[in-house]
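With the hints as constraints, model all of the structure from the sequences given.
In case you want the letters, here they are:
2 protein chains.
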Amino acid sequence: MPTRHPNLTTMDELYAPTLKETPAEAELISHQLMLRAGMIRKTASGIYSYLPLGWRVIKKIERIVREEMDAIGCQEVSLPVLQPAELWQESGRWPVYGPELMRLTDRHEREFCLGPTHEEIITALVRAELRSYKQLPVTLYQINLKFRDEMRPRFGLMRGREFIMKDAYSFGADQAALDADYAAQEGAYRRICERMEMDYRMVDADSGEIGGSVSAEFMALAEAGESEIVYCDCGFAADTEIYDQETCPKCGAPLHHARGIEVGQIFQLGTKYSEAMGATYQDEDGNDKPFVMGCYGIGVTRIAAALIEQKHDDRGCIWPASVAPAQVAVLALDAEGEVAEAATKLARTLAEAGVEVILDTRAERPGAKFADADLIGCPWQLIVGKRGLAAGVVEIKKRATGETHEAPLAEAANHLLES
Amino acid sequence: MPTRHPNLTTMDELYAPTLKETPAEAELISHQLMLRAGMIRKTASGIYSYLPLGWRVIKKIERIVREEMDAIGCQEVSLPVLQPAELWQESGRWPVYGPELMRLTDRHEREFCLGPTHEEIITALVRAELRSYKQLPVTLYQINLKFRDEMRPRFGLMRGREFIMKDAYSFGADQAALDADYAAQEGAYRRICERMEMDYRMVDADSGEIGGSVSAEFMALAEAGESEIVYCDCGFAADTEIYDQETCPKCGAPLHHARGIEVGQIFQLGTKYSEAMGATYQDEDGNDKPFVMGCYGIGVTRIAAALIEQKHDDRGCIWPASVAPAQVAVLALDAEGEVAEAATKLARTLAEAGVEVILDTRAERPGAKFADADLIGCPWQLIVGKRGLAAGVVEIKKRATGETHEAPLAEAANHLLES
Chain A
1 MPTRHPNLTT MDELYAPTLK ETPAEAELIS HQLMLRAGMI RKTASGIYSY LPLGWRVIKK
61 IERIVREEMD AIGCQEVSLP VLQPAELWQE SGRWPVYGPE LMRLTDRHER EFCLGPTHEE
121 IITALVRAEL RSYKQLPVTL YQINLKFRDE MRPRFGLMRG REFIMKDAYS FGADQAALDA
181 DYAAQEGAYR RICERMEMDY RMVDADSGEI GGSVSAEFMA LAEAGESEIV YCDCGFAADT
241 EIYDQETCPK CGAPLHHARG IEVGQIFQLG TKYSEAMGAT YQDEDGNDKP FVMGCYGIGV
301 TRIAAALIEQ KHDDRGCIWP ASVAPAQVAV LALDAEGEVA EAATKLARTL AEAGVEVILD
361 TRAERPGAKF ADADLIGCPW QLIVGKRGLA AGVVEIKKRA TGETHEAPLA EAANHLLES
Chain B
420 MPTRHPNLTT MDELYAPTLK ETPAEAELIS HQLMLRAGMI RKTASGIYSY LPLGWRVIKK
480 IERIVREEMD AIGCQEVSLP VLQPAELWQE SGRWPVYGPE LMRLTDRHER EFCLGPTHEE
540 IITALVRAEL RSYKQLPVTL YQINLKFRDE MRPRFGLMRG REFIMKDAYS FGADQAALDA
600 DYAAQEGAYR RICERMEMDY RMVDADSGEI GGSVSAEFMA LAEAGESEIV YCDCGFAADT
660 EIYDQETCPK CGAPLHHARG IEVGQIFQLG TKYSEAMGAT YQDEDGNDKP FVMGCYGIGV
720 TRIAAALIEQ KHDDRGCIWP ASVAPAQVAV LALDAEGEVA EAATKLARTL AEAGVEVILD
780 TRAERPGAKF ADADLIGCPW QLIVGKRGLA AGVVEIKKRA TGETHEAPLA EAANHLLES
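Chains as they are written, first to last, in this note's numbering: chain A, 1 to 419; chain B, 420 to 838.
Calculated directly from the structure, the hints in this document are not laboratory data. Incorrect hints may appear among the rest.
[What the hints assert, rightly or not] Subject to a maximum C-alpha distance of 16 angstroms in a straight line, what follows is the list of computed EDC-like cross-link-like pairs (lysine to aspartate or glutamate): (1) Lys553/B x Asp12/A; (2) Lys311/A x Glu129/A; (3) Lys478/B x Glu129/A; (4) Lys461/B x Glu129/A.
Note that the coordinates shown come from a computational prediction; the quantities given were computed from them, not determined experimentally.
Here's what the structure looks like:
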């Protein structure tokens, strides 16, 4: 039976070199599991190659981010990684940005940097051509590589030197427009986190090197988080450092302390870049005014690590269905004969119904197949064995809880499609 | 009526700053038209930002390439842009690669380059973990940024310093496996070209700096091409330089001379990299043998330019439907009232039926709308005007030929869906 179908991958063919031992280089559980599940490999310090399963997760995160950006009317662009020094001199950041900025010269001795962020590029892009108040507001975004030369890159995808971000930039006429753009982004970020089943809090934040005044961070709650936050069931949440200086929320509900991984940040930049770089539009009376800007980042590759930190067990990853490398792992406990045939048929039925499946008919011990399926962490496992097959049933296992139940072979696919 | 739908874009909101005049910086027609249609902008010499319409075209080319790679069983990965010098020293290319290789040092004075190609990275990636003949063959590919510090970057996307390529790498046990991989890639490349309605020829080629013996180039026929090729209706095609030294095809059909733009190249690398870098597998008898490798590149961003070179007229781009920024432009000749309402309704009907639409209800002269629609180059235009509407009809115009016919308003969507 032919197995090739866009939704169907076989473990025989898949390049996913899983590891039994925990690599010594990895401290964080997300780093350990992405290495062990054959999702990433280190190419240099803080620089990773994404193998097929890891890249699938990244692409799914990208797709969710893209859909939510498009849904609020943002327009996707792609800005260069190589940024000319001149633009950073205009904004004033070239001399003050630290050694995290990777700098290089081209063959003609012109200076460039590898973009850690794109405020200069986008401001220069629109300043000559976004001229009238009638064209505003406009929000442009990209999903692209970013570079930051960390002193001590570590923790796998959590703190790398080359990583993927979504960054959006809004251009409006006034503060009211910026408030509206900022609110739209906040809503989109909440939907993005919810679609990935992330336990998160939005907290007030310090806007740091980027500049501007109002900003908030989206924090995935996890023990491995580098930030300390305080939050309350009434919806209040803040960075502990900022919170200490403020009044406590008055709702009366108890406060919780937690650690958070920053997965996104939204900023009201105001006119910092538009004034420095002369990016203006004409208002109704023909007067030139600087754009009132916002910028909005999400760490795409970091989210993959944060989701693992939030949800895993000692056997491996537990992915939410929306970003899992596949929805279902179908395990044939025999590599040949009727068991393998029934498993292949089942996998194909699911694939044709639109479900992404990884089929394991390898000539391996059942124990090795169970271990790899748990490690990779697809939400569901369908286990086809000789004894069950004789009774006309397969076992359905939910990865998150380990719960299993049997279902008639002929109904297993429907069972899963309805779950 | 709400216009927001994933398939529907309005010219009012779209960031597509079209230009009436031809920019002096651009020699080639593709470069001129992508600038004029508001698809790209220059950020630095040979370095471009992709605006929303240009980026849509690139994403569609990427999708076609991805689908055809997946269909022949290739697995998508993502490899870093930042490549450590050590790996290039192992392959021997670090000291010999010219100034086209962009080099930099990190904060710890370690040397890196920005990858122009990824043979070293991929060979190092698999050499420790692809160990048994049972796992072979494997082909991994990525769609990613590449860098080449051209002496004189020019011609827009045709010869940039930062560009997007698909590069695939096959690992097989022997020459027979490589032959099969190479043939599979050739088939996929032909389907990719055909889906983009590209007039192309596959020609024997010199394998240049990458190394290896057998190689072929996919050439888009266009006057602006930098290569001279000779071909025959029997299927024979060759680079003129190579052809001069060979026997003429014996079919007897007349030979044609043409110019070609190289949009893809496939190489049989053999064991050049696997031997230099010690990348081996164990054969059935337990002997270590070097992988027999192939590599297969397609210039994604260059294809966008090549397609324009092949098909355009003095009014603008003429995109094939598979990569057009949208399938249909709906033009309302009035910005308000029943004309705008009918056009909006028509656009929405098409969008809901799965057709990508750009709706123009701007407060502009009809002439400006016609000019922009022709410049952007969607395959179809639907023109809604007051006189037609009174008679219950709209005009349907085919961009490629300029042919128009009228259709009843209520049937215009079906008319187009069936065409």
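Handout entry: Violations among the numbered hints, reported as their numbers in ascending order
Key = 2 and 3
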